[in-house]
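Trainee: Knowing the structure of chain A, use the given hints to seat chain B on it.
For the protein sequence lines, the chains are A and B, in the order given.
If you want the working numbering, it's the 1-based position in the first sequence plus 1052.
If you want the working numbering, it's the 1-based position in the second sequence plus 1052.
Worth flagging that the hints you see were computed from the coordinates, not collected in a lab.
Careful: at least some of the hints might be erroneous.
[Unchecked claim] Derived Cβ-Cβ restraints for the label pairs, each shown as a range:
hint, chain 1, residue 1, chain 2, residue 2, range
1, B, Arg1066, A, Gln1059, 17 to 23 Å
2, A, Glu1127, B, Leu1128, 35 to 41 Å
3, A, Asn1057, B, Gln1054, 21 to 27 Å
4, B, Gln1054, A, Phe1120, 30 to 36 Å
5, A, Gly1101, B, Gln1117, 20 to 26 Å
6, A, Asn1057, B, Gly1113, 27 to 33 Å
7, B, Gly1118, A, Gly1091, 34 to 40 Å
8, B, Leu1128, A, Leu1055, 37 to 43 Å
9, B, Lys1111, A, Gly1118, 38 to 44 Å
Ideal Cβ placement from N, Cα and C applies to all residues, glycine included.
Protein chains: 2
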Amino acid sequence: WQLLNEQGEEKLSRQFSFKDFASALAFTNQIGAFAESIGHHPDLLTRWGSVTVTWYTHKIGGVQQGDFLCAIETELLFSRQNTG
Amino acid sequence: WQLLNEQGEEKLSRQFSFKDFASALAFTNQIGAFAESIGHHPDLLTRWGSVTVTWYTHKIGGVQQGDFLCAIETELLFSRQNTG
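Extracted from the complex, chain A is given alone in its bound form (with noise of 0.2 Å):
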């Protein structure tokens, strides 16, 4: 994960790999279940092999305490999938 700075805000990145379009798809699905079940979302930047999951909360043109939970959180379901 790493902290951006992308026009004025504050933003918490990982660039996640996998195999082929259709896994990384799959996984932006997962981590969109995840944002809906909580109303909270994430920027997610889907390409052939990678999915960059960017976390940071709008109204205060920032990362707080939550989007670091939720990057842990995304952490724990990009191992299972793997895993699993």
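Mentor: Below, chain B without anything else, positioned relative to chain A:
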């Protein structure tokens, strides 16, 4: 649609607006299914309320005729989603 130059690569990009995250993610999946069907994959940036679709051909580091056709098909899929 805009022609961007990203790190020396020309890309064809457009942002589509949606009423919420779920609608945006549904469009991402629709474009993803189209991409899989033709074996050519755009970058798909899904956020709350928008999807940015970016077509380019990695092999040539730019945009070729097929990418313009994909942009047209993306428009068709978008207009159908919003009228059907």
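Trainee: Does each hint hold? Answer for all of them.
Mentor: Structure-based check of all given hints:
no.: 1; hint: B:Arg1066 / A:Gln1059: 17 to 23 Å; result: holds, 20 Å
no.: 2; hint: A:Glu1127 / B:Leu1128: 35 to 41 Å; result: holds, 38 Å
no.: 3; hint: A:Asn1057 / B:Gln1054: 21 to 27 Å; result: holds, 24 Å
no.: 4; hint: B:Gln1054 / A:Phe1120: 30 to 36 Å; result: holds, 34 Å
no.: 5; hint: A:Gly1101 / B:Gln1117: 20 to 26 Å; result: holds, 24 Å
no.: 6; hint: A:Asn1057 / B:Gly1113: 27 to 33 Å; result: holds, 28 Å
no.: 7; hint: B:Gly1118 / A:Gly1091: 34 to 40 Å; result: holds, 39 Å
no.: 8; hint: B:Leu1128 / A:Leu1055: 37 to 43 Å; result: holds, 40 Å
no.: 9; hint: B:Lys1111 / A:Gly1118: 38 to 44 Å; result: holds, 41 Å
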